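Take a look at the letters that make up each chain.
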Amino acid sequence: GAVVSQHPSWVICKSGTSVKIECRSLDFQATTMFWYRQFPKQSLMLMATSNEGSKATYEQGVEKDKFLINHASLTLSTLTVTSAHPEDSSFYICSAPLKLESYNEQFFGPGTRLTVL
Amino acid sequence: GDSVTQMEGPVTLSEEAFLTINCTYTATGYPSLFWYVQYPGEGLQLLLKATKADDKGSNKGFEATYRKETTSFHLEKGSVQVSDSAVYFCALRNFGNEKLTFGTGTRLTIIP
Chain A
1 GAVVSQHPSW VICKSGTSVK IECRSLDFQA TTMFWYRQFP KQSLMLMATS
51 NEGSKATYEQ GVEKDKFLIN HASLTLSTLT VTSAHPEDSS FYICSAPLKL
101 ESYNEQFFGP GTRLTVL
Chain B
1 GDSVTQMEGP VTLSEEAFLT INCTYTATGY PSLFWYVQYP GEGLQLLLKA
51 TKADDKGSNK GFEATYRKET TSFHLEKGSV QVSDSAVYFC ALRNFGNEKL
101 TFGTGTRLTI IP
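In order, the protein sequences belong to chains A and B.
The first sequence: position 105 = 105 (this note's numbering), numbered continuously.
The second sequence: position 37 = 37 (this note's numbering), numbered continuously.
Partner residues aside, some chain A positions facing chain B, computed with beta carbon under 7 Å:
# : residue
1 : Pro97
2 : Glu105
3 : Gly109
Hints are computed from structural coordinates only; laboratory data are not their basis.
This one's a predicted model, so the numbers in the text were calculated from it and none came from an experiment.
All C-beta atoms, glycine included, are put in the ideal place defined by N, C-alpha and C.
This is chain B alone, in the form it adopts within the complex:
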């Protein structure tokens, strides 16, 4: 079945540091890939997505590239801010299916 393996946290970085959160997946077919973010006390929000190989999703300075050859979708940001502190979830959805399969989530804390 489908699965998502995500870098375990928690991750603590200083402000303006470079961020990478690793995500790899196993899926049948051709899934779409997502990163969701959950800020304290709020629901999950879509951060970015990619629907096919070599697509790059980007939003709020975050980027992730759909790498079919390595079955990966790593999240990166060049310079993190305190406001980026949240839990980040990698997820996939197979074509024609509304169901999302999530990774375990990575808690990110940015210190000033």
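Here chain A stands alone, though its shape is the one from the complex:
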């Protein structure tokens, strides 16, 4: 099946620094990728849709200047948390759709745990 990877799997950083998280589709191309955030014991919340070759589309309430998304190629999207603060600590997950017959199935990365001290 299709594989989506994320790097790093976990990261600890100091408050005020920026952190970049990569999402790669390893064996298929994706013009669109999705970024989610998951708090403990809560559901995955869609943050933004990453679009190859154009600007990302952010969900209501998500600061686009805080969470910079770049879809550099058909297999790579990056999420940069700028000037991170402890409240940005969370589990970040990406997904990419792949068309299977008449249906687009979402393939998810394993997630990146961010801890901001």
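Assemble the complex: chain A is given as a structure, and chain B must be docked to it using the hints.
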């Protein structure tokens, strides 16, 4: 807006027990419904899906039926195994939209 309400966990069962994880939804239009499973250290994987009312999705012994009258999509398995221990997410996607709306997830632990 769209929402998914899922049975809170954690759920602990003995091997070979019957499993039900409840899921209800609120949505405009005619959504497709999904169950995803997340094993420790891995990404979410599609377990099963149903795209219209009365459809039954099934995979690996798990089943869920799309009930429009009760806006539900409960996950069931007749005899669980230790290897079924994971977190299960119910989700919906509205027609013509790639976005998924997730429930809170239910952690399932099966003890031998």
